[in-house]
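Residue-level listing of the chains:
4 protein chains.
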Amino acid sequence: MIRKLVGIMGPGETASTVEKETAYALGQAIAKQDWILLTGGRATGVMDAASRGAQSVNGLVIGILPGENRTAMSAAVDIPILTGMGSGRNVINILSSEVVVACGLGAGTLSEIALALKLQKPLVLIHVPDAVVEQCRLLAKVAMVDVATVEVAIAQIQVLMAAEE
Amino acid sequence: MIRKLVGIMGPGETASTVEKETAYALGQAIAKQDWILLTGGRATGVMDAASRGAQSVNGLVIGILPGENRTAMSAAVDIPILTGMGSGRNVINILSSEVVVACGLGAGTLSEIALALKLQKPLVLIHVPDAVVEQCRLLAKVAMVDVATVEVAIAQIQVLMAAEE
Amino acid sequence: MIRKLVGIMGPGETASTVEKETAYALGQAIAKQDWILLTGGRATGVMDAASRGAQSVNGLVIGILPGENRTAMSAAVDIPILTGMGSGRNVINILSSEVVVACGLGAGTLSEIALALKLQKPLVLIHVPDAVVEQCRLLAKVAMVDVATVEVAIAQIQVLMAAEE
Amino acid sequence: MIRKLVGIMGPGETASTVEKETAYALGQAIAKQDWILLTGGRATGVMDAASRGAQSVNGLVIGILPGENRTAMSAAVDIPILTGMGSGRNVINILSSEVVVACGLGAGTLSEIALALKLQKPLVLIHVPDAVVEQCRLLAKVAMVDVATVEVAIAQIQVLMAAEE
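Line by line, the protein sequences are chains F, A, G and D. If you read the first sequence in our numbering, its first letter stands for residue 1, the second for the next number, and so on. If you read the second sequence in our numbering, its first letter stands for residue 1, the second for the next number, and so on. If you read the third sequence in our numbering, its first letter stands for residue 1, the second for the next number, and so on. If you read the fourth sequence in our numbering, its first letter stands for residue 1, the second for the next number, and so on.
Read the hints as simulated data drawn from the structure, not as lab findings. Heads up, some of the hints might be wrong.
Because identical chains share one entry, a pair is satisfied inside a single copy or across any pair of copies.
[Unchecked claim] Here are the simulated lysine to any residue pairs, SDA-like style, with alpha carbons at most 25 Å apart:
(1) Lys141 with Tyr24
(2) Lys141 with Arg70
(3) Lys4 with Met73
(4) Lys141 with Thr71
(5) Lys32 with Val147
(6) Lys32 with Thr71
(7) Lys141 with Pro66
(8) Lys4 with Pro66
(9) Lys141 with Asn69
(10) Lys32 with Met1
(11) Lys4 with Thr14
(12) Lys4 with Asp34
(13) Lys32 with Arg3
(14) Lys32 with Glu68
(15) Lys4 with Thr71
(16) Lys141 with Glu68
(17) Lys141 with His127
(18) Lys141 with Thr14
(19) Lys32 with Asp78
(20) Lys4 with Asp78
(21) Lys141 with Ala43
(22) Lys32 with Val18
(23) Lys32 with Leu60
(24) Lys4 with Ala43
(25) Lys4 with Ala143
(26) Lys141 with Gly12
(27) Lys32 with Leu138
(28) Lys141 with Thr44
(29) Lys32 with Ala131
Input sequences plus hints: build the corresponding full structure.
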């Protein structure tokens, strides 16, 4: 049975406390929906917080790692996918997620938001600056929503998944 | 908790009946060990047979697909990882598998065997021509075993995993 | 002798006439500096216009193509690098350019700007909306300049290259 | 004008003196034909020797590097293409070469030979063990020739290129 994968992207080392708290709650909420959480897999920032959140409620976490081994992998990853492709793995993060959630904004996150727009993946933004949200709206050809809470994020993911089917 | 991933590689459209039967039995046996099966994800040959075998006993199957969408994906894949990287995904297959099993030999399989040797991944060969096995032995820097049955394959994977820990 | 590569990134099918005219002039000016032009290689938009500009003055043009063959390649590409990696090739565009020029803004271009910021490549922006320039400035750890003319772009590339040495 | 690219693949650190001498002569001969030499770009073995050979007669050398920077790059590379994709760059080596020459055999070389067979690229083998040549012949769907001298290699590349047109 094909499982539903939801990706959470966001800053690594530069993530703020609020972004990490939101990511943790998002990871929990995604796991409670019985969706699989997909992240970039590293032991830092939004990736790590979301993974720990999902793990805290026995969710399943896939980490798509940039390196060739498990160095610096989040301890909350259940299934490490080792790509050895550096930032090239960002494309895989986007293609493999049914819905992409960007929580906060770093340079890598911006590349993933842009790839989601390019590859026409449904996109949920949270803690993303208004100027970026507006610019993305101009480039978006498919559904893109800007949300303020984890509850609304989950509701929007449900709507976006239903629309894909 | 980090799950153990075992990759099964082998011919697609050109796979023989025996290779597909072995792949089906390998997929079953891998799932019964509570390992996750990783394949190239397409709906053909060894990939598909192994995935159906694992599915038949409620195993979990990850398909690392060459394309950007689910076209031609095996119906037995639970977790599709869409790479959009064509044969570039073969590297991901190898890096992500704790042990790589090659069942039969096609050109793509040969590239995966060679990458396993290059990236020093433990390798189990079954239904691979003797001349190829001998050549690989000359290139192998880590454990590589040639087996004749599914039972021995599973026993060897257990040994190789234990040695990695 | 290591040649200097300058990458020009920009919208494909959605490029405006002004963006394409600027790209053509940039391609010419880059070739006149005896730099090699690097683009995404497709026969459309900024990529194609820049390549034709370079070709018009006998410059050398490298196209880093997303596909596995030359379908839809710009006729002005001298050296096709076929990646078969879709948008994964955007990373190669950025890593291989000594200086990256973004001319105009599409979703793919935004991903390349973001990757340049992430991978700390010197970046020149032209015809990029102010809101995006400002956001990028917040994320930039290395030199990033916003210019209005081809002449200033070339002068800035010279400065950025000198700083790298 | 589209330039013709010929790729030379072969062992790195494990290359023999004879393999390196042949690679040097091949690089020279390829450059004299006004073809561009494409290699894996590292400062070792067959890659480095072929690049130095081409450089000795003012040929143009493209290095498709596995890393994100020029660390360990051959000093004879003119145009570094930085992929950051590790062994994933082997696919790019093969796709971008009009004809692939394998000189000697390492694990990485074997993966490139196999990818050439998979992606149906014309293939010239030199200093490759007979058992491997025979196995490859069974898997080859397009032209594959086994040669003993640089002169015959060049003649065969000419034939293979003419057949492609």
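Results of checking the hints against the structure:
1. Lys141 with Tyr24: neither (29 Å within a copy, 28 Å between copies)
2. Lys141 with Arg70: between (36 Å within a copy, 21 Å between copies)
3. Lys4 with Met73: both (23 Å within a copy, 15 Å between copies)
4. Lys141 with Thr71: between (37 Å within a copy, 22 Å between copies)
5. Lys32 with Val147: The answer is within: 19 Å in one copy meets 25 Å, while 43 Å across copies does not.
6. Lys32 with Thr71: This pair counts as neither: shortest intra-copy Cα distance 29 Å, inter-copy 29 Å.
7. Lys141 with Pro66: between (28 Å within a copy, 21 Å between copies)
8. Lys4 with Pro66: both (22 Å within a copy, 19 Å between copies)
9. Lys141 with Asn69: Close across copies (18 Å), not inside one copy (36 Å); limit 25 Å.
10. Lys32 with Met1: For Lys32 and Met1, the Cα distance is within 25 Å both inside one copy (18 Å) and across copies (17 Å).
11. Lys4 with Thr14: neither (29 Å within a copy, 31 Å between copies)
12. Lys4 with Asp34: Classified as both; 8 Å inside a copy, 21 Å across copies.
13. Lys32 with Arg3: The answer is both: 14 Å in one copy and 20 Å across copies each meet 25 Å.
14. Lys32 with Glu68: neither (31 Å within a copy, 28 Å between copies)
15. Lys4 with Thr71: This pair counts as between: shortest inter-copy Cα distance 17 Å, intra-copy 27 Å.
16. Lys141 with Glu68: between (34 Å within a copy, 17 Å between copies)
17. Lys141 with His127: This pair counts as both: shortest intra-copy Cα distance 21 Å, inter-copy 21 Å.
18. Lys141 with Thr14: Between. Shortest inter-copy distance 13 Å satisfies the 25 Å Cα cut-off; intra-copy 30 Å does not.
19. Lys32 with Asp78: Both ways: Lys32 and Asp78 sit 16 Å apart in one copy and 18 Å across, limit 25 Å.
20. Lys4 with Asp78: Classified as both: same-chain Cα gap 16 Å, cross-chain 9 Å, threshold 25 Å.
21. Lys141 with Ala43: between (33 Å within a copy, 22 Å between copies)
22. Lys32 with Val18: The answer is within: 21 Å in one copy meets 25 Å, while 42 Å across copies does not.
23. Lys32 with Leu60: For Lys32 and Leu60, both the intra-copy (10 Å) and inter-copy (19 Å) Cα distances are at most 25 Å.
24. Lys4 with Ala43: Both: 23 Å inside a copy, 19 Å across copies.
25. Lys4 with Ala143: within (18 Å within a copy, 36 Å between copies)
26. Lys141 with Gly12: between (28 Å within a copy, 15 Å between copies)
27. Lys32 with Leu138: Intra 33 Å, inter 35 Å, cutoff 25 Å: neither.
28. Lys141 with Thr44: between (31 Å within a copy, 19 Å between copies)
29. Lys32 with Ala131: neither (32 Å within a copy, 37 Å between copies)
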